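Given chain A's structure and the hints, the job is docking chain B onto it.
Line by line, the protein sequences are chains A and B. In the numbering used here, each residue carries its 1-based index in the first sequence increased by 34. In the numbering used here, each residue carries its 1-based index in the second sequence increased by 1.
Calculated from the structure, these hints are not laboratory results. Nothing here was measured: the structure is a model prediction, and the numbers come from that model. From the three backbone atoms N, C-alpha and C, an ideal C-beta is built for every residue, glycine too.
Calculated lysine to aspartate or glutamate pairs in the EDC-like style (CA-CA distance at most 20 Å, straight line):
| no. | chain 1 | residue 1 | chain 2 | residue 2 |
| --- | --- | --- | --- | --- |
| 1 | A | 35 | B | 59 |
| 2 | B | 8 | B | 27 |
| 3 | A | 76 | A | 118 |
| 4 | B | 8 | A | 73 |
| 5 | A | 102 | B | 103 |
Away from chain B, derived, C-beta distances all over 10 Å, residues of chain A:
| no. | residue |
| --- | --- |
| 6 | 48 |
| 7 | 51 |
| 8 | 58 |
| 9 | 99 |
| 10 | 101 |
| 11 | 106 |
| 12 | 144 |
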Amino acid sequence: KQEVTQIPAALSVPEGENLVLNCSFTDSAIYNLQWFRQDPGKGLTSLLLIQSSQREQTSGRLNASLDKSSGRSTLYIAASQPGDSATYLCAVSTSGTYKYIFGTGTRLKVLA
Amino acid sequence: SAVISQKPSRDICQRGTSLTIQCQVDSQVTMMFWYRQQPGQSLTLIATANQGSEATYESGFVIDKFPISRPNLTFSTLTVSNMSPEDSSIYLCSVEEGVNTEAFFGQGTRLTVV
Numbered sequence: 035k036q037e038v039t040q041i042p043a044a045l046s047v048p049e050g051e052n053l054v055l056n057c058s059f060t061d062s063a064i065y066n067l068q069w070f071r072q073d074p075g076k077g078l079t080s081l082l083l084i085q086s087s088q089r090e091q092t093s094g095r096l097n098a099s100l101d102k103s104s105g106r107s108t109l110y111i112a113a114s115q116p117g118d119s120a121t122y123l124c125a126v127s128t129s130g131t132y133k134y135i136f137g138t139g140t141r142l143k144v145l146a
Numbered sequence: 002s003a004v005i006s007q008k009p010s011r012d013i014c015q016r017g018t019s020l021t022i023q024c025q026v027d028s029q030v031t032m033m034f035w036y037r038q039q040p041g042q043s044l045t046l047i048a049t050a051n052q053g054s055e056a057t058y059e060s061g062f063v064i065d066k067f068p069i070s071r072p073n074l075t076f077s078t079l080t081v082s083n084m085s086p087e088d089s090s091i092y093l094c095s096v097e098e099g100v101n102t103e104a105f106f107g108q109g110t111r112l113t114v115v
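Just chain A, with the same shape it has in the complex (with noise of 0.2 Å):
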């Protein structure tokens, strides 16, 4: 049974600072790996997606990388801004069945 898991549950940087949040899954036969980003009481944001033949995507400051061996992943967030405060998920979906599994999320805060 595929699990995943997201370290660190919360995390408090200045702002400028570059951070890397980490994801790590038990079942490598994953079909895609997906991040996302969730304001308080508000649905998820897409933010990158990586295919199972990817090693990394780029959008803006945001680079996000895939080692499928090893069943990691982690998003890089570069020079952060307070606007970056909030929850960040990552999710897996199997191949076969495109069902996305949820990691518990690491809670981010940006200080001005």
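Okay, now just chain B, sitting in the frame of chain A:
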């Protein structure tokens, strides 16, 4: 990317009653899903809403408690039946689009049962 509208955005309901949540997508999609997010928790998949057939439920979720309709490729409803305070959660509709099956979410329905 698909634009997903959920109604209502929030509601406060009495225990023992039922609430139906609507999910409308601006394009035809094959895959629609319903998730639950309990307070302080991550998302858990309730079921896959299948067009023209019964929904496929995940372990721990049953049709009598969470009946789902999917009358066409742009619309689905989730009903939370005979509610108790433990049903207080955010309920989210999701679709997957494109050959990469990227997931997109509605803004969620925040349900409080008193």
